[in-house]
Amino acid sequence: MTQRNIASMALLCILMLFLYPRIGRAGEPLQNFPPAAFSQEMNQANLLDALLKNPKNEDLYYQVISLFFDQKMYQEVILVAAKAKAESVLSSRILMTLSKALFLKGQYSDCLTILGYLDFTLSGGA
Amino acid sequence: MIFARVRLDRELWIYIAGAFLVFVMCFFAMYIKEAEKSGSWRYVINNQDEFFYWVTADGVTETPQSDANPFYFEEKGIQLALPHVTANLFGYAAKFFNLPVLFFFPLWHIGMPFLLWGSMFICFVKIWKYPVFNSAAAALFFIAITFYLKGLSPLIAVRFSHPGDGLWLLVIWLSLITHLDRCSWTRVAWLWGIAFAAFWLQPMYVIPGCLVTAAEGLWYLKKRDFSRSSKSFSVLGAVCLAGVLLYIQMKIFPPVSSLLLKESMRFDKTASYGEIIPSFLLYGAVIFSVLFPKMRNKESLTPLDRLTISLFTIEPLIITLSCFLNFAIILTHRYYFLLLEMACMFGLVFQNAPGFFQSIKSKYYEKFVLSLFFLLQMLTLWRPELTPFHHGMMTSSNFLGMHDNILLISSIFPSSLLVAWMFFRFPVLTSALKNRMILMCGIIVLTGFGFFTFSSGPDELSRKSLFDGAYRWLDRNTPPDSVILTASPKANGRYDYLPLYTHQKIYRGALSVYLDRVAQDYRDMFMAALFLGILDEITMDGITDMPGKLRRFRLDYVLIERASPFLNNIEKSLNGHIQEVYRENSCLIWKVLA
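First to last, the protein sequences are chains U and X. FYI, the numbering for the first sequence is 36 to 161, going by the working numbering. FYI, the numbering for the second sequence is 3 to 596, going by the working numbering.
It is possible that part of the hints are untrue.
Straight-line Cα separation of at most 25 Å, DMTMM-like style, residue types lysine to aspartate or glutamate; simulated pairs [stated by the list, open to error]:
| id | chain 1 | residue 1 | chain 2 | residue 2 |
| --- | --- | --- | --- | --- |
| 1 | U | Lys107 | X | Asp543 |
| 2 | U | Lys135 | X | Glu539 |
| 3 | X | Lys39 | U | Glu122 |
| 4 | U | Lys135 | X | Asp183 |
| 5 | U | Lys135 | U | Glu93 |
| 6 | U | Lys135 | U | Glu122 |
| 7 | U | Lys135 | X | Asp523 |
| 8 | U | Lys118 | X | Asp547 |
| 9 | X | Lys78 | X | Asp51 |
| 10 | X | Lys224 | X | Asp183 |
| 11 | U | Lys140 | X | Asp547 |
Worth flagging that the hints you see were computed from the coordinates, not collected in a lab. All figures in this text were calculated on a predicted structure; none of them were measured in a lab.
So here's chain U without its partners, still in its complex pose (with noise of 0.2 Å):
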């Protein structure tokens, strides 16, 4: 009985590290960077590389904002912005830049999420 109590805790423990990571992706957390849509639908896996190991290039932000705005995927312009705002490296005349460009394009709320950055960016955070 003892063998079988430990078989099935054996087979219950192999069972979990089997479905740990299945469930590691419903449970993902919402802000996570970079987002998912960015590496599944872009497909752009050589730009992504560099811009997370070289996390304060502004360049390549630049770039990544631009292929996603091109593709109005404007949720994640927003976060790759937050991303860069968190960096301190997106300078104030491209998120004036974006600002204007979201506005065009009729996203007003993104706008004013990226002025927010831009008002953190100019204001020293004060």
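Using the hints provided, position chain X relative to the given structure of chain U.
Relative to chain U, chain X alone:
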């Protein structure tokens, strides 16, 4: 007193008084740093949802009452079909005593976790019959651990008003319903009241209550104990009654807004089919770990066993239904039930672990099993997406990301078994814990540290009290219900204390319930154009002239930081339509002339 004939002796009162002091300390541990950041105790709200609910409570104090969207002048007087009852009650209290709603802020933040702890403590002692010290320590530990887990769980013992307003009721409900053998009809009548109240506080609270109640009813029906079975099902009747009353209210008062209900009832699948199988398999694992020891020893299921099985049914049930219906609201609010599920999991481990480890005769097999659990735990701690804790414990990097309850619980399950094993195999550890003072101090420190390190993340810079003087001036010098535009993109309407400290409305709030989405789009466009300095150059809703744009929705004053980088743009856009009426070091106010 909730329970008939429940007496609290002196020892219990000592624990209750001690816990009260602990939660007073926790309140100061959490909010003293917020006050330091904002520079004032008047600006210490540290999460957006809570801010929204306090404004809702404030909306109740208005005449006419405005709890649907208390932010906007145009939507004044609209009430929700299913109100935020707790927020509304605080609003009524504030109106009755003629006090600002935030007067009750400390009362909530000390009283709610204290009430939650107290309900667990009394239930553990009086209903579950656990030792007094263990009950006090376990109740505090369950609250403390919520602060260290990923996702929204740190909000459980903090946020006004959900889920803290109903969790304590759920604790009593689940405790009583699983001990119907000690329940007279008088106590069942209390249960009806609890179920009814839980529904009106937030219908989501009745999900675990109804599942466990139905399971208990079926359990007694199977045992042909019709008396207890009917008691169980009668509680479900109380929930149905609450639902019928809501339906009648919606029919009698059709003008009230049912937006939230419509949103939650909209049919649209929200989960993927791929999530069903893992949730059922893990549910199977829970059932296995409950039933296996009982079948082996030919024992009957304990109340804790039954509670665990029926409570964990929530997870696969909601995920499965979410594949066919729009259960997004429930799916993302499962953290409401995390504390209860966590308590069941720990209870189960400490109930079954001694028997399990005792049954292992061979050291070899014991090491094998422990190695597996250790490996599992290492795996979860090694991979950031699996680890149950905030990264680095102290940081808030992952705060407020949604997280799966099953993932969280299963990722701390191996640790709890390992700890149980250590106490079983090394009695020296158990004897060390016999010093109750040390153990309790440890849990208190854990709790206090949890409160102290609570952070809502990146919005803290928008909480500075730059406009305190302006709010006081506006409240004294402008007519009630004037509309103020706070020109601060970095605050983005998230922490606009204006409705809480004045009798004024705001032009745009990022957190308001959008009763009119077209109007919200106009407000968003207006604000964006204003900050970009192009308001006078564009056409909005077919309106080309500036006075027309300003009159589209009521706008009386603009409040702006003097150091704002958008000051010139706004001044340029509104040139000729504004007049400065207030100025101080940090901000100024323009009156809009349109």
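We went through each hint and held it up to the structure:
This hinted pair checks out: Lys107 of chain U and Asp543 of chain X have alpha carbons roughly 23 Å apart, not beyond 25 Å. For the proposed pair Lys135 of chain U and Glu539 of chain X, the alpha carbon gap of about 14 Å is at most 25 Å, so the pair holds. A threshold of 25 Å between alpha carbons decides the hint, and for Lys39 of chain X with Glu122 of chain U the separation of about 22 Å falls inside it, so the pair holds. The suggested pairing of Lys135 of chain U with Asp183 of chain X is violated, with an alpha-carbon distance near 68 Å, which exceeds 25 Å.
Annotation: proposed proximity of Lys135 of chain U to Glu93 of chain U holds, straight-line Cα distance about 19 Å (limit 25 Å). Of the pairs offered as hints, the one joining Lys135 of chain U and Glu122 of chain U holds, with about 22 Å between alpha carbons and a cut-off of 25 Å not exceeded. The straight-line distance between the Cα atoms of Lys135 of chain U and Asp523 of chain X is roughly 16 Å, inside the 25 Å bound, and the hint therefore holds. Of the pairs offered as hints, the one joining Lys118 of chain U and Asp547 of chain X is violated, with about 39 Å between alpha carbons and a cut-off of 25 Å exceeded.
Under the criterion of a C-alpha separation no larger than 25 Å, the hint pairing Lys78 of chain X with Asp51 of chain X is consistent with the structure, at around 20 Å. Our distance criterion of 25 Å between C-alpha atoms is met by Lys224 of chain X and Asp183 of chain X, whose separation comes to about 15 Å. Taking the CA atoms of Lys140 of chain U and Asp547 of chain X, the gap is about 22 Å. The hint holds against a cut of 25 Å.
The structure fails hints 4, 8 (numbered hints given earlier, in ascending order).
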